[in-house]
Amino acid sequence: MQTVIRVRIAAFFSVLLLLPGNAVWAQQLANRPRQPAMRTLAYDATQETVVEGTVLSYTAESAIPPIGAHLILQTASGAIDIHLGAARFLQANNFSLAKGDSVRVVGASSDTRQGAVFLVRVIQKGGQSLVLRTANGAPLSVARTRALGAQKAPQQEGAR
Amino acid sequence: MSTSIKRWVLLAAILLASLTTACGGSRTPVGGPPPPTGNFSNANLKGQYAFLMSGTELCSGSSSFFTRAGSFTSDGSGHITGGLEDVNVCTGVFTLQFTNSTYSITADGRGTLSLTNSTGTTNYSITLASTTAGVIAETDVNLTASGSFQRQNVAAFSNPAIANGYVFDFAGVDYSPNPPVPTSIIGRFSADGGGGITNGLFDANIDGVPSNQQAFPQGAFYQVDTNGDGTNFGRGTANIAGHNFAFYIVDATRLKLLGTDFPAAFSGEAFAQQNISFTAASLNSGFAFLIGGSSSTGPIATAGRFTADGAGNLTSIFLDENNSGNLTLLPSQGGTVTGTYTVDTGGFGGGTATWTDTKAGTFSFIFYLISPTNAVFQETDSNITSDGTLLAQTAGPVSPASLAGDFAFVWSGVNSDGEEDFVGQLKLTSASGNDATGIMDFNQFSVVSPNQFFNIQFSGPFTINPPGTGPNTLTVTTTFPSPTAFNFTAYVVDSNTAFLVGAETNRVSVIAGSFVRQP
Chain A
1 MQTVIRVRIA
11 AFFSVLLLLP
21 GNAVWAQQLA
31 NRPRQPAMRT
41 LAYDATQETV
51 VEGTVLSYTA
61 ESAIPPIGAH
71 LILQTASGAI
81 DIHLGAARFL
91 QANNFSLAKG
101 DSVRVVGASS
111 DTRQGAVFLV
121 RVIQKGGQSL
131 VLRTANGAPL
141 SVARTRALGA
151 QKAPQQEGAR
Chain B
161 MSTSIKRWVL
171 LAAILLASLT
181 TACGGSRTPV
191 GGPPPPTGNF
201 SNANLKGQYA
211 FLMSGTELCS
221 GSSSFFTRAG
231 SFTSDGSGHI
241 TGGLEDVNVC
251 TGVFTLQFTN
261 STYSITADGR
271 GTLSLTNSTG
281 TTNYSITLAS
291 TTAGVIAETD
301 VNLTASGSFQ
311 RQNVAAFSNP
321 AIANGYVFDF
331 AGVDYSPNPP
341 VPTSIIGRFS
351 ADGGGGITNG
361 LFDANIDGVP
371 SNQQAFPQGA
381 FYQVDTNGDG
391 TNFGRGTANI
401 AGHNFAFYIV
411 DATRLKLLGT
421 DFPAAFSGEA
431 FAQQNISFTA
441 ASLNSGFAFL
451 IGGSSSTGPI
461 ATAGRFTADG
471 AGNLTSIFLD
481 ENNSGNLTLL
491 PSQGGTVTGT
501 YTVDTGGFGG
511 GTATWTDTKA
521 GTFSFIFYLI
531 SPTNAVFQET
541 DSNITSDGTL
551 LAQTAGPVSP
561 ASLAGDFAFV
571 WSGVNSDGEE
581 DFVGQLKLTS
591 ASGNDATGIM
601 DFNQFSVVSP
611 NQFFNIQFSG
621 PFTINPPGTG
631 PNTLTVTTTF
641 PSPTAFNFTA
651 YVVDSNTAFL
661 VGAETNRVSV
671 IAGSFVRQP
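Keeping their order, the protein sequence lines are chains A and B. Quick note on our numbering: the first sequence kicks off at 1 and runs consecutively. Quick note on our numbering: the second sequence kicks off at 161 and runs consecutively.
No wet-lab data here; the hints were simulated from the structure. Yeah, the Cβ is synthetic: ideal placement off N, Cα and C, and Gly gets one too. Be careful, since some hints might not be right.
Selected chain A positions facing chain B (in silico; Cβ < 8 Å) [claimed, not checked]: (1) 62; (2) 98; (3) 99; (4) 138.
Bound-form chain B, shown alone (with noise of 0.2 Å):
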């Protein structure tokens, strides 16, 4: 979240303090987890990967919102060789080459990260969703931040491999206004394989205040590093929608930024955008979207779903909105929703997509289309700085059957104290019942007793309504050391891929996440 729920977002802090006193700081709880099965290990982090994370640091003795970008190479044994990052502190913006560190990934796909840099060592839990991609989470006592890491492709790191358009979403902390605001920029742009960029679109939300849709400032440009880092690590520089930007290339379809223009600290990915004149015809099956970010009362979740018709109207529109701990679905009870979309002219995919509940009142979104399955997608309700992803989603039905597997996942949410990252391996099985179990690492951040934990097994019920295309509940239970619920809204995007939004009824939280299959 940015101050996002990626910002990014929750649990019970009663029940966490009872965790803390327990086992906070132990690798290993009292009667450890079974041994972990499946066909991981360390060969399977092998090449080089590009990393994004965004979080919560101490900073003067107080917690402040910060960012890492960066690459790292493994060498499928056990040791990074070699990365450099991009981080944005509350001191400021350093770029630092990693030294010395190492790796170790267990048969499920869970494994450790220690990255040392001049700084010194910072350490992460990750989950493999497979060989070229997995999940993240910061573990260190002062630092929390969870994010993504993919396999780069070196034939990618030069200017001419990035061209064509691309779609983006960055987040976080703006100081244009004084004091300092949340802020999401969602848009567009055309790369030419030089440097330049022309067609440049975006919209802004800062605190709560759309822009509505602006055109880029002068001086938009990107160029993959000429020291070296270009080639080494896939680093480069870009002025994109007026700001400043450090970006490690994934491959030509995937870049991963980090703002520099200290003190504002952004993040963000863009991604290759289809090339095609998008219309309302583009948009036509059912979609899934999460997002998340801050509203006038704290931290906001948001999950759901609709059906868009290929003609501007929206149907079978379903919401899980957790505001600071107050729960909003709809349909509201009585209610009815309907809801209309449209498609900008011009081709270049951006958009809006608006519907009302008679109860409950109107909610209002932009998107720009990555592809007619896939788009960055932004809220523009008054007082509400909220984005995510839009993805198309399977027809459906969707069964236990066809979910049972294995899954990565990465949850990230605040609570009283602060901000928290879990990162994970889930199971789920097509049995009635408990048929979902896990185990996970979590990271809570507090100024006053921060706390990490490992090697937290959880599980419980995984239900599914028929059919299975809408809200679904996920209610999984800690084993150890006292019970503890965490309780999801689920919104299936297919068999691979869900999203979920906390949907706590006995305490205030809110909490956000994903989770996908491993092979």
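Same shape as in the complex, but just chain A (with noise of 0.2 Å):
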């Protein structure tokens, strides 16, 4: 927030949240699910790496997070879990993955409670490369479509 604007208050950091006068919350917090702390990191662009593999696995539709399709690489350091964002997005784009394929991704690792997951921004398969995110790490599933609308004259399917 601007600063000249938004003023922050002196702050009163030494309020737990089960002091006596909040007892009241003893029996929401008892029923609460309590989990590790462990909360999907951000993708931090200063950390790309570039990783190279063969395809193990593919799915479009993983049942672990984050959602979307996910590949297992066999890369030299062992292997790990590659989130593309949706399925559709691939498809759409004329770019298949299947075990055994040769593929170079670019991104960023994040970590979440079911283990690291290295979010891909970029990757490549013989001569094809695919932008998946945008240089902030955001999927581009669902706003690519409309760029491509803007310079491509794109067709309407049903009444709008």
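Got two chains here, each in a separate frame; can you build the complex from them with the hints?
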């Protein structure tokens, strides 16, 4: 927030959730699932790396987070979980993946409760390259079509 | 979501696949639901209503964000006698007039709406929350969307009616950077009653990068249409926070806006701001919030609550974040949460809220107050573009008896196949056990196998954890064609409203929404 307008009021940081005055919340907490702290880390563009390997498996609709297509990629340092985003975006761009494919991905690793996952910004296979995320890591799967629409006179499919 | 959960967010693909096979496209499942009960009828949808929704369309074989806003007039006996809408779709922005359209309302307030324009007919499922408002989901094969509608006050269809302060929240896709990115813009302005705008302030979050507070660039205005669309439908145009919009007036306190700077696509609402000078003391109660949008891993939805003490401190903080299927709950195991908030000098209602879980880290937000009990809310953590609503909570305690009754609901979500939108009726009783029942229609967008589901019944427990103003749980299971569970954390705002965020642990989905009491 602009500092000239937003003035941070002096903070009082020592209010703990379970002080006696907040005992009313004790049952709420007791009934609450308590998870080890693990917030999914954001895409950190400064930590981008290039990973090459062979596809061990491709899953269009993974049963583990993040939502979307995943690869298990065998690299020189071991197998890693690769997140690609929406499978439909790959399909729309005629980018197919299968066991045994050699691929090169640019992206950043993120920690989740299920373990580390590599978030892909660019994937390359053979002579084909596809950008999957913005520079800040946002998946392109929804927005990209509008960009194509603006450039290519897309087809409406049904009433609007 | 926009790309947001309203954008808006979700379900288990495998279970939906079984639903798809068994009942896609059928309006009445085998062994159909019992006849609806209640006092609603076609007569309860009578007058002129403004609507706004956003969702996903099929465009050149791919999914694409779109939004629509407009006005329709219903005659109380099943006919839409007129109307107008603006749509921002992948082929451009268009203003379209309705002809020969229809609707139907059943006794429980649920119903259907079919709107015909020059491109064809679009279809919707709706649920009335009252005779003046309801929730809506589009149920076409190639388009899914959800939103709300409210009865319009034709006496407010003029520039002078739009005066004094307004707070706004827009979400969608921006193109000022290339490639296109998810964007949220919240802020406030003062309307002078003659089309002029002053004291415009906004915070944009573009691709997870907060702009910090900015003044409106030159060129801000609003103008109710002078070609007849203004007086007939409450339509107008505006430039707000540097973006062009078409808007539809609900009344002097509420506008529905649709961005017209194609290929960018925004939509949202503006609410009349209480005419007071806001300070930290303006926030002095419990609050519940619900926001949605996207992160660098995919769709994200977050609900929670806190208590503000009027002096800059936040306590009793709870949060449930579903980030592309990864759940984060505060307080975390072994952690404690403390927080603070600020309200800007100048009295325009902008402010910040920040809290830190000793194990899970810091969560940061900004807000613009509509009143001391209502605000628009935006997350400002890195790589997250998410916004929504902050509402003052009842002091509680909340009990099953206080919540018993009938509710209209709308949920929106995303699964690995795409967006899904749900609309229906939820019934809560004060009995222990399976005290929640309901019926819904929903639309599952898919490039490959889109499906629409109608009259799907569900039931399950709504468990209130005393005092009830923190996280509660709603677990409902559909009864047809096979059991499919929806697990939510529910934050009760008051006896009439609650926020829901999906908390699935056995499948990857993000879903969120709310329910509102019916009379």
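Results of checking the hints against the structure:
Annotation: residue 62 of chain A was flagged as interfacial toward chain B, and the flag holds, the nearest CB pair being 7 Å apart, inside 8 Å. Hint on residue 98 of chain A is violated. Least Cβ distance to chain B is approximately 18 Å, over the 8 Å limit. Among the interface hints, the one on residue 99 of chain A is violated; its C-beta lies about 19 Å from the nearest C-beta in chain B, farther than the 8 Å criterion. Evaluation of the residue 138 of chain A hint against chain B yields a held restraint, the C-beta minimum of about 5 Å falling below 8 Å.
Violated hints for the displayed structure, listed by number in ascending order: 2, 3.
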